[in-house]
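Novice: As they're listed, the protein sequences go chains E and C.
Counting in the numbering used here, the first sequence runs from 247 upward without gaps.
Counting in the numbering used here, the second sequence runs from 24 upward without gaps.
Wrong hints could be hidden among the right ones.
Claimed, not checked - Computed footprint of chain E on chain C, listed as stretches where at least three residues anywhere in the stretch have a Cβ under 8 Å from a Cβ of chain E: (1) 143 to 157; (2) 162 to 170.
Said to hold, decoys possible - Derived DEER-like restraints, expressed as beta-carbon distance ranges: (3) E/367 - C/198: 29 to 39 Å; (4) C/84 - E/261: 34 to 44 Å; (5) C/39 - E/261: 50 to 60 Å; (6) C/41 - E/261: 22 to 32 Å; (7) C/39 - E/451: 37 to 47 Å; (8) E/278 - C/252: 48 to 58 Å; (9) C/41 - E/276: 30 to 40 Å; (10) E/451 - C/251: 36 to 46 Å; (11) C/252 - E/381: 29 to 39 Å; (12) C/198 - E/392: 44 to 54 Å; (13) E/309 - C/26: 23 to 33 Å; (14) C/251 - E/322: 24 to 34 Å.
Hints listed in this document are in silico derivations from the structure and should not be mistaken for laboratory results.
No residue lacks a Cβ here, since even glycine has one placed at the ideal position from N, Cα and C.
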Amino acid sequence: MSVPTNHHPIIEFRGVSKRFGSLVVLDRMDLRILPGQTTVIIGESGSGKSVMLKHTLCLLRPDEGEVYFEGARIDCLSEINLVPIRKNFGFLFQLGALFDSMTAAENIAFPLEEHGGFTPEEIQNVVTGKLRMVGLDGVQKKRPAELSGGQRKRVALARAIALSPKVVLYDEPTTGLDPVRADVINELIIKLKKELGVTGLVVTHDMASVFRVADRVLMLYQGRFRFDGTVDQVRCSSDPVVKRFVEGHASDEDLLSLQTGVSQ
Amino acid sequence: MAISVFETVGRVEREAISAFGRFCIFCRSAFVWLVLGSTDRRNWRLLTPQMYEVGNQSLFVILITGLFIGLVLAVQAYGQLQSLGLEERLGVLVNLSVVQELGPVLAAVMLAGRVGGALVAELGTMNVTEQIDALRSMGSDPIRYLVVPRFIACLLMTPLLTLFSDLTGAIGGWLITVQMYGVASEPYWYFTAEAVEPWSMWTGFIKSLFFGGVIALISCYKGFTCRPGAEGVGRACTEAFVASLISILVLDFFLGLLLQSIYKAVWGFTPLL
Ligand SMILES: Nc1ncnc2c1ncn2[C@@H]1O[C@H](COP(=O)(O)OP(=O)(O)OP(=O)(O)O)[C@@H](O)[C@H]1O
Ligand SMILES: [Mg+2]
Numbered sequence: 247m248s249v250p251t252n253h254h255p256i257i258e259f260r261g262v263s264k265r266f267g268s269l270v271v272l273d274r275m276d277l278r279i280l281p282g283q284t285t286v287i288i289g290e291s292g293s294g295k296s297v298m299l300k301h302t303l304c305l306l307r308p309d310e311g312e313v314y315f316e317g318a319r320i321d322c323l324s325e326i327n328l329v330p331i332r333k334n335f336g337f338l339f340q341l342g343a344l345f346d347s348m349t350a351a352e353n354i355a356f357p358l359e360e361h362g363g364f365t366p367e368e369i370q371n372v373v374t375g376k377l378r379m380v381g382l383d384g385v386q387k388k389r390p391a392e393l394s395g396g397q398r399k400r401v402a403l404a405r406a407i408a409l410s411p412k413v414v415l416y417d418e419p420t421t422g423l424d425p426v427r428a429d430v431i432n433e434l435i436i437k438l439k440k441e442l443g444v445t446g447l448v449v450t451h452d453m454a455s456v457f458r459v460a461d462r463v464l465m466l467y468q469g470r471f472r473f474d475g476t477v478d479q480v481r482c483s484s485d486p487v488v489k490r491f492v493e494g495h496a497s498d499e500d501l502l503s504l505q506t507g508v509s510q
Numbered sequence: 024m025a026i027s028v029f030e031t032v033g034r035v036e037r038e039a040i041s042a043f044g045r046f047c048i049f050c051r052s053a054f055v056w057l058v059l060g061s062t063d064r065r066n067w068r069l070l071t072p073q074m075y076e077v078g079n080q081s082l083f084v085i086l087i088t089g090l091f092i093g094l095v096l097a098v099q100a101y102g103q104l105q106s107l108g109l110e111e112r113l114g115v116l117v118n119l120s121v122v123q124e125l126g127p128v129l130a131a132v133m134l135a136g137r138v139g140g141a142l143v144a145e146l147g148t149m150n151v152t153e154q155i156d157a158l159r160s161m162g163s164d165p166i167r168y169l170v171v172p173r174f175i176a177c178l179l180m181t182p183l184l185t186l187f188s189d190l191t192g193a194i195g196g197w198l199i200t201v202q203m204y205g206v207a208s209e210p211y212w213y214f215t216a217e218a219v220e221p222w223s224m225w226t227g228f229i230k231s232l233f234f235g236g237v238i239a240l241i242s243c244y245k246g247f248t249c250r251p252g253a254e255g256v257g258r259a260c261t262e263a264f265v266a267s268l269i270s271i272l273v274l275d276f277f278l279g280l281l282l283q284s285i286y287k288a289v290w291g292f293t294p295l296l
């Protein structure tokens, strides 16, 4: 297999569609993610960002279209054949998705143990190291139920990067964190990219985070990408949909339905 | 009007059949992983905590259930048999019913409630909080990691727990017959030993093996497919219990028929009373 150069996308979607019943979430979506870049995906709540992320490692399969990883098609692979592919990914789930029955340390050790080939000391070191990276050294013995929402998120992030994957998918990494903590996480995303060449795919609503970490910004709107450009381009975009999102203004329609709702 | 009724019936039927098909696919991959995973030592380590869970959750209720089956059966049957002068053979009736029929079935019913409910709640919660997706994202198969150990644990523990309910059932029958109604102990046990053969025990064990497997598969499947939210998990629990209960009773009937015809073919029919 050839080493992907900057011209070959590490992740590629070709005409991906996904429906849940009659609800069309992704509509013939095309996407090319270049290695070593941090791509931020913004979009309204419910526009399908999490669904899109799950397609990149085939946790959900497209109804139509194709998904590629490093030039090889993966959406038609069986679960067993996907295992070596998924080893390249770290996934931070929107709600953390830590295993309730395990302590924080066991959660972070899980991907290392599942893929095998690590001694107990190595695992121990990785756990401490990653926890320190997210600023949580010392919570090893705690269970998810004993952690706060933000702490859970950070343990989940530590778990996502435990295997030092090539691609990290961050589903709202800074949601629920205080501004200082959020900035630490932003720094972490930048550091992972710079030092380890990690390809990042960040879903977020947090515009401060977008401006901080993004090499490229995509906006998901009605099942496709409405906007694709750099941070500077997003700032001065004239597209009303993008503009409203960036500036955080509600549309006239939203305000109208709010008014009629109140007056009823 | 009439057409729309048929339409609804047809749709419900089609959904039921496709749900059953999905359940069969689920079971098949559980069996595939059961075979594939048996060579990996890591998988065996997952088994012990599950067996502990199953036993720990249900031993007490199983003991109580068994005891009361024995008590009730003895009380019910005593009057009838005494009027025929056959009260010394009460043990035959009580113990045979307990070992072959009521012990396995009622133990399985209790397990469906206790263990099955806990399984659905646990896996359902894991499902709606994306923990199952997280497992898959880390290259682990949820059926191998979650379903197979629970399936094996139920398969092994159900016959064992049934043995306990048989035991307390026999004690219950003895308490009523010998202690309360004063039937002589020696003939009571003599007739019991004559009637309850190894085959009767095997009948009970084979049945409970199937019951345990069915409870585990149905509960795990319901947990894996439950709808989001606390309501979805609750609903999945109820559905799993009802489905397990019906499966237990249906299986009991057909296994009973099958095992009895095997017995007849090999040993012929022997009257017990
Ligand atoms: N497993 C599923 N079954 C049915 N519908 C689903 C499923 N997953 C997502 N959806 C639907 O798909 C749509 C997009 O969901 P998604 O979670 O991707 O939104 P999102 O963009 O991540 O929103 P948020 O920013 O609030 O997290 C939603 O309307 C949701 O109801
Ligand atoms: Mg989301």
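Novice: Tell me the hint numbers this structure goes against, listed in increasing order.
Specialist: Violated hints (numbers, rising): 3, 4, 5, 8 and 10; every other hint is consistent with the structure.
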